[in-house]
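Starting from the known structure of chain A, fit chains Y and H onto it as the hints suggest.
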Amino acid sequence: MAEEQDFQADVVSVSERMAAEALIVDVDGFEGPLDLLLTLSRTQKVDLRTISVLELAEQYLGFIEKARHLRIELAADYLVMAAWLAFLKSRLLLPPEPGEEGPSGEELAAHLAFQLERLQAMRDGAAKLMARDQLGRDFFARGIPEDVTRVRRVTYTATLLDLMQGYARIRTKDEFRPFVMDRESLYTMEQALDRMRGLIGFAGDWTELTSYVPEGWETDPAKRRSATAAHFAASLELAKAGAIEIRQGDTFAPIQIRRKPDE
Amino acid sequence: MNDVEQDQEESLFEAPPMGEQERMVEAVLFASAEPVTVSELQSRMPHGSDAAEALVYLRKRYEGRGVSVVKVGDAWAIRTAPDLGYLMQKETVETRKLSRAAIETLAIISYHQPVTRAEIEEIRGVSVSRGTVDQLIEMEWIRFGRRRMTPGRPVTFVVTQGFLDHFGLESARDLPGLKELRSAGLLESRPPPGLMPGPDSDEEEESTEGQSELFED
Amino acid sequence: MNDVEQDQEESLFEAPPMGEQERMVEAVLFASAEPVTVSELQSRMPHGSDAAEALVYLRKRYEGRGVSVVKVGDAWAIRTAPDLGYLMQKETVETRKLSRAAIETLAIISYHQPVTRAEIEEIRGVSVSRGTVDQLIEMEWIRFGRRRMTPGRPVTFVVTQGFLDHFGLESARDLPGLKELRSAGLLESRPPPGLMPGPDSDEEEESTEGQSELFED
Chain A
0 MAEEQDFQAD VVSVSERMAA EALIVDVDGF EGPLDLLLTL SRTQKVDLRT
50 ISVLELAEQY LGFIEKARHL RIELAADYLV MAAWLAFLKS RLLLPPEPGE
100 EGPSGEELAA HLAFQLERLQ AMRDGAAKLM ARDQLGRDFF ARGIPEDVTR
150 VRRVTYTATL LDLMQGYARI RTKDEFRPFV MDRESLYTME QALDRMRGLI
200 GFAGDWTELT SYVPEGWETD PAKRRSATAA HFAASLELAK AGAIEIRQGD
250 TFAPIQIRRK PDE
Chain Y
0 MNDVEQDQEE SLFEAPPMGE QERMVEAVLF ASAEPVTVSE LQSRMPHGSD
50 AAEALVYLRK RYEGRGVSVV KVGDAWAIRT APDLGYLMQK ETVETRKLSR
100 AAIETLAIIS YHQPVTRAEI EEIRGVSVSR GTVDQLIEME WIRFGRRRMT
150 PGRPVTFVVT QGFLDHFGLE SARDLPGLKE LRSAGLLESR PPPGLMPGPD
200 SDEEEESTEG QSELFED
Chain H
0 MNDVEQDQEE SLFEAPPMGE QERMVEAVLF ASAEPVTVSE LQSRMPHGSD
50 AAEALVYLRK RYEGRGVSVV KVGDAWAIRT APDLGYLMQK ETVETRKLSR
100 AAIETLAIIS YHQPVTRAEI EEIRGVSVSR GTVDQLIEME WIRFGRRRMT
150 PGRPVTFVVT QGFLDHFGLE SARDLPGLKE LRSAGLLESR PPPGLMPGPD
200 SDEEEESTEG QSELFED
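Quick note, the sequences are listed as chains A, Y and H, same order.
Position 123, counted from 1, in the first sequence is what numbering that gives the first Met the number 0 calls 122; the numbers after and before it change by one each time, with no gaps.
Position 108, counted from 1, in the second sequence is what numbering that gives the first Met the number 0 calls 107; the numbers after and before it change by one each time, with no gaps.
Position 152, counted from 1, in the third sequence is what numbering that gives the first Met the number 0 calls 151; the numbers after and before it change by one each time, with no gaps.
Any given hint might turn out to be false.
Derived pair list, reagent style DMTMM-like, types lysine to aspartate or glutamate, alpha-carbon separation capped at 20 Å [unchecked claim]:
1) H:K89 x Y:E19
2) H:K89 x Y:E90
3) Y:K96 x A:E30
4) H:K89 x A:D146
5) H:K70 x H:E93
6) A:K88 x A:E106
7) A:K239 x A:E214
Just so you know, these hints were derived from the structure itself, not from any lab.
Isolated chain A, as found in the complex (with noise of 0.2 Å):
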C-alpha cells in the first residue's frame, strides 16, 4: 500500500498518469529496461544530459511496483535493473562509508545516463537515416543494365621441347618394342608350330626335323641353332598332341619325324 502511494505522489498529472498506465499496458513492447528507462526520462521533460538519474530510478521503481500490482510478468532482466537501481538510488543518497571500494553513485549515474543518451542519439541517427532518400524509392539505378558479357578466350601454346618430344614420340613408336620380342636372329616355337602344321600334312613318310627348317636359316650358325631348336619344340608339341611320330634311330642320329597315319 505505502509503495503503491509513493508511485501515486509521482504520477503529478492526469495525462502523466494515463501514459503510465500506458507503459504498464504496453509493457511487452519495450525493448528491455533501457528502453523503458529512456521512455520514462521523457517524463521529465528535459535534456538527457541534465536528467536527474535519482528522479529517473524512483519512476523506475515505482513503475516496476506498480506492474507488480498488477501481477504483470515483468522479464528478469527488467527485475535485475530495479535492483540495480535501488542499489543506485541508495548509493546516491547516502554519503558513501569511508574505504568504500567501487564506484560511486555519481559515477554510476553519470554512465546510465549517457546509455541513454547515446541510445537515444542512435534512435535518432536511425530515423534520420531512414528520412534519405534511398535508392529505389528516391533515386534509381539504370533499368536496362547492359551486363558486361566475359568472354573467355583461350590461347593454346607450346615450347619447342614440347614440339621435339612429340616428333622424337612418333617417330620412336614404330621402333618401340619390348626388349625380349626383340628377335631379328631368333625362331621361336610359335613360328616354327604354325610352320610345321602346314607342312606336316604332306609328310606321310619319316623325313629329318633339319629338313623343315626354313631357307635362310640353315647357313648361320645363330639362326641355325634358333631354327632347329624351335622345330625340334614344335614337333615335340605336335608329338603329345598325337599330330605326328617322332623317332631317333641312336643317340646323335638324325631325328625323324612323320604324320601320324589315320586309323
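Showing chains Y and H alone in chain A's frame:
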C-alpha cells in the same frame, strides 16, 4: 594478331584523348546497375587511361541533370536525381519493412563500425537476435569486418557499399549528424564503471576503440 | 516533399521549363526497365509538358557521348554508343597447353614440310582430325602450302613465320634432327642393337629435301 599487339604497345605510350576517356567512363557507368570501382574502370579502359580524371570531368558534366554521377565508397555510379523520384512510381521497389530492432542495429553499426555484437547489445540494452543480423547481412547492408584483437577475437560488423548506395552516401563519414555525435562523445565506447547491469556483462570488456578505427583520418 | 507537391500543383497551370522536362525524360529513360514510348513519358510528366520536344533536346545532348538516346520500335531508350561496345566485354585469356595430337601434327609439319594430310596420318599412324589442323591454322602456326603435283593434287601444309617467331627459330631447318634428339635424351626408346640401319638417317634426308623445296624460292 600483329596489329593488335602493335596497338597495345602504342597505347602504353599514348592514351586516348580525355574526351574519349570520359565517353568510356560514361558508357561503363551507364551500363552497370551497380557502382563500378575506379580500378575496374581503369582495367576496362585502354592502357594509359586515367579513369579518375575522366570521372571528374564526367561528374561536372552531369551536374544539375536528370541523372548524376555519384560516389559510393570507392566506386562510382549514375543515379537519377532524387528530386525526380516522383516520376518513377513505376520503378519503385518495395523494400522489405525493417523492424525497429533492425533499423536501430543498422544505425548502430553504421555509426560505430567496426562494432561487435556485444557492443551493439550494450548500446541497445538488449540482446541482438540472430535474425536481425541475418536480415541485414542478407540485404547486403552489413558484412563481417575484421576480428577484434581482444580475448575471444569477436567478429565485428561494418556497413557495405550496398548500404552507402542505398542511402546515397559517399562514405560512412557522411552519415547524418556524425560530427555532432562524435564531438558529444556519444560514439566513444565507455566501459561501464563496474556493477552495471548489461545484457552480456561477461563480454563487455571487449568494447575498445570502436568507430575511431574507421573514421579517423 | 512539399516543394515537389507544390511544383506539381503549379504545373497544372504552367508546364515546367523545357530544361526541366529534359531532365525528367532523361531520368525516366535511365531508370525504366524497358524502352519508354512518348505517350508513356507524357503521362508521367506534369501536365502541359511536351515529351516529344524534350526528347529532341535530350537526343541532341547525347550526340557523340558515351551513351545515346535511341529509338527501339516506337519507344525510346538509352544505350551504349555502338563504338564503345567493346567496353562491355570483359576478356579473360586463358592459356592452355596444346593437345598431344596438335603438338604431334605440328611437329610432323615442321619436320616434313610441305606435307599433305595423308602423309601426316601415315607418319603419326592415326588419322588427323580436322579440328586439330583448323586449330593450328587459327593459331597461325601452319598455313596451306603449294599443292602436291600428284594425283588428286592434295594441299600441303607448311609452318608460318609466326611459328618460327614463337619457337625462336630462324628457319624450320634449325629444328634439331633425330640424332640430336636422341643424344639429348628425347627419344623414348633405344633402337634394338644392330639391325637398325637408321630409319632416322633416311627420314632426315627426306625432311631436308622437303624443306629445301619450300625454302628455295
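**Proposed proximity, E90 of chain Y with K89 of chain H (alpha carbon, max 20 Å)** = Since the Cα atoms of K89 of chain H and E90 of chain Y sit roughly 29 Å apart, the hinted pair is violated (cutoff 20 Å).
**Message:** Does E30 of chain A sit within 20 Å of K96 of chain Y, going by the straight-line distance between their CA atoms?
**Reply:** 18 Å, holds
**Item:** Pair hint outcome, K88 of chain A versus E106 of chain A [Cα-Cα no greater than 20 Å]
**Value:** 12 Å, holds
**Request:** Would you check the hint for K89 of chain H and E19 of chain Y, treating anything up to 20 Å between C-alpha atoms as holding?
**Result:** Holds, at about 19 Å.
**Message:** Given the hinted pair K89 of chain H and D146 of chain A, is their Cα-Cα distance within 20 Å?
**Reply:** Roughly 10 Å between the alpha carbons, so the hint for K89 of chain H and D146 of chain A holds.
**Message:** Just to be careful, I want the Cα atoms of K239 of chain A and E214 of chain A compared with a cutoff of 20 Å; is the pair within it?
**Reply:** 26 Å, violated
**Satisfaction of hint between E93 of chain H and K70 of chain H, Cα-Cα up to 20 Å** = 38 Å, violated
Violated hints, listed in ascending order, are 2, 5 and 7; each of the other numbered hints is respected by the structure.
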